[in-house]
Amino acid sequence: AQTVTQSQPEMSVQEAETVTLSCTYDTSESDYYLFWYKQPPSRQMILVIRQEAYKQQNATENRFSVNFQKAAKSFSLKISDSQLGDAAMYFCAYRSARTQKLVFGQGTRLTINP
Amino acid sequence: GAGVSQSPRYKVAKRGQDVALRCDPISGHVSLFWYQQALGQGPEFLTYFQNEAQLDKSGLPSDRFFAERPEGSVSTLKIQRTQQEDSAVYLCASSSRRPSYYEQYFGPGTRLTVT
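Residue numbers (my numbering), protein chains in the order written: chain A, 1 to 114; chain B, 1 to 115.
Each hint should be verified, as a subset may be incorrect.
For lysine to any residue, the following SDA-like pairs were computed, each having C-alpha atoms within a straight-line distance of at most 20 Å [stated by the list, open to error]:
{"hint": "1", "chain 1": "A", "residue 1": "LYS78", "chain 2": "A", "residue 2": "PHE68"}
{"hint": "2", "chain 1": "B", "residue 1": "LYS11", "chain 2": "A", "residue 2": "GLN44"}
{"hint": "3", "chain 1": "A", "residue 1": "LYS78", "chain 2": "A", "residue 2": "ILE112"}
{"hint": "4", "chain 1": "B", "residue 1": "LYS57", "chain 2": "A", "residue 2": "SER96"}
{"hint": "5", "chain 1": "A", "residue 1": "LYS70", "chain 2": "A", "residue 2": "GLN6"}
{"hint": "6", "chain 1": "B", "residue 1": "LYS57", "chain 2": "A", "residue 2": "THR99"}
{"hint": "7", "chain 1": "A", "residue 1": "LYS78", "chain 2": "A", "residue 2": "ASN58"}
{"hint": "8", "chain 1": "B", "residue 1": "LYS57", "chain 2": "A", "residue 2": "ARG98"}
{"hint": "9", "chain 1": "B", "residue 1": "LYS11", "chain 2": "B", "residue 2": "GLU103"}
{"hint": "10", "chain 1": "B", "residue 1": "LYS11", "chain 2": "B", "residue 2": "VAL74"}
{"hint": "11", "chain 1": "B", "residue 1": "LYS14", "chain 2": "B", "residue 2": "THR115"}
{"hint": "12", "chain 1": "B", "residue 1": "LYS57", "chain 2": "A", "residue 2": "ARG95"}
{"hint": "13", "chain 1": "A", "residue 1": "LYS55", "chain 2": "B", "residue 2": "GLU103"}
{"hint": "14", "chain 1": "B", "residue 1": "LYS57", "chain 2": "A", "residue 2": "ALA1"}
{"hint": "15", "chain 1": "B", "residue 1": "LYS11", "chain 2": "B", "residue 2": "ALA38"}
{"hint": "16", "chain 1": "B", "residue 1": "LYS11", "chain 2": "A", "residue 2": "SER42"}
{"hint": "17", "chain 1": "B", "residue 1": "LYS57", "chain 2": "A", "residue 2": "ASN58"}
{"hint": "18", "chain 1": "B", "residue 1": "LYS57", "chain 2": "A", "residue 2": "LYS70"}
{"hint": "19", "chain 1": "B", "residue 1": "LYS78", "chain 2": "B", "residue 2": "ALA53"}
{"hint": "20", "chain 1": "A", "residue 1": "LYS55", "chain 2": "B", "residue 2": "TYR102"}
{"hint": "21", "chain 1": "B", "residue 1": "LYS57", "chain 2": "A", "residue 2": "GLN100"}
{"hint": "22", "chain 1": "A", "residue 1": "LYS73", "chain 2": "A", "residue 2": "GLU29"}
{"hint": "23", "chain 1": "B", "residue 1": "LYS11", "chain 2": "A", "residue 2": "PRO41"}
{"hint": "24", "chain 1": "B", "residue 1": "LYS78", "chain 2": "B", "residue 2": "THR113"}
{"hint": "25", "chain 1": "A", "residue 1": "LYS73", "chain 2": "A", "residue 2": "GLN51"}
{"hint": "26", "chain 1": "B", "residue 1": "LYS57", "chain 2": "A", "residue 2": "GLN2"}
Pair ranges (Cβ atoms, derived) [stated by the list, open to error]:
{"hint": "27", "chain 1": "A", "residue 1": "ASP81", "chain 2": "B", "residue 2": "GLU71", "range": "44 to 54 Å"}
{"hint": "28", "chain 1": "A", "residue 1": "ARG109", "chain 2": "B", "residue 2": "SER5", "range": "41 to 51 Å"}
{"hint": "29", "chain 1": "A", "residue 1": "ALA71", "chain 2": "B", "residue 2": "VAL12", "range": "42 to 52 Å"}
{"hint": "30", "chain 1": "B", "residue 1": "GLY3", "chain 2": "A", "residue 2": "ASP81", "range": "25 to 35 Å"}
{"hint": "31", "chain 1": "A", "residue 1": "ALA72", "chain 2": "B", "residue 2": "ARG81", "range": "42 to 52 Å"}
{"hint": "32", "chain 1": "B", "residue 1": "GLY3", "chain 2": "A", "residue 2": "ASN58", "range": "39 to 49 Å"}
{"hint": "33", "chain 1": "B", "residue 1": "GLN54", "chain 2": "A", "residue 2": "SER30", "range": "23 to 33 Å"}
Hints in this document: simulated from the structure, not taken from any laboratory. Backbone N, C-alpha and C define an ideal beta-carbon position, used for all residues, glycine too.
Please build the complete structure, drawing on both the sequences and the hints.
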């Protein structure tokens, strides 16, 4: 079974600084997708960024980028120029290309210090 | 258009009671998912529908949990004889067939507390 591990329960960063959230996963499959989801205190989960495993280029969405290391099964999220609105729980998630269900990590609570 | 909606937002049940949680997916989304999120944890998959067909129910923790989507739109998650360990937030998500990565759009969740 696939597993996703987020080893940082909590992280904090100064506003306008850069922070990196870690994620590792375990799978024997070669075709899959990886996602970072943000869950603000209101609890509605929002997709931040995705990465297709077959793509070598790291995904980027404005201030959010990933470092995808397929051989190491690592998928970290970098948030540049942190803003107060970035404060939330961040979940790393895996989806096999064979199924549609998401497998989530335990989450990292990100605090932004003004 | 409207996002995924869930009702009720909060539910308190006494141990042994039956509960029903409703999910209204985004109009036209063929896929619908239910996840259970315990306090301080990541969501865990419960079950998945494509239209009215329940294609995967491998995550349902016991036969007390039952989900249906009879007309391929609204879905109901029913928990019979609730127990304290059922206390969690139940998240519903929906997705369309395109794009290929099947982005899942989540609802706000229903927080179930079993006393």
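Requested in this report: Kindly indicate which numbered hints from before are broken by the structure, ordering the numbers from low to high.
Outcome: As far as the earlier hints go, 9, 17, 18, 28, 32 are violated by this structure, in ascending order.
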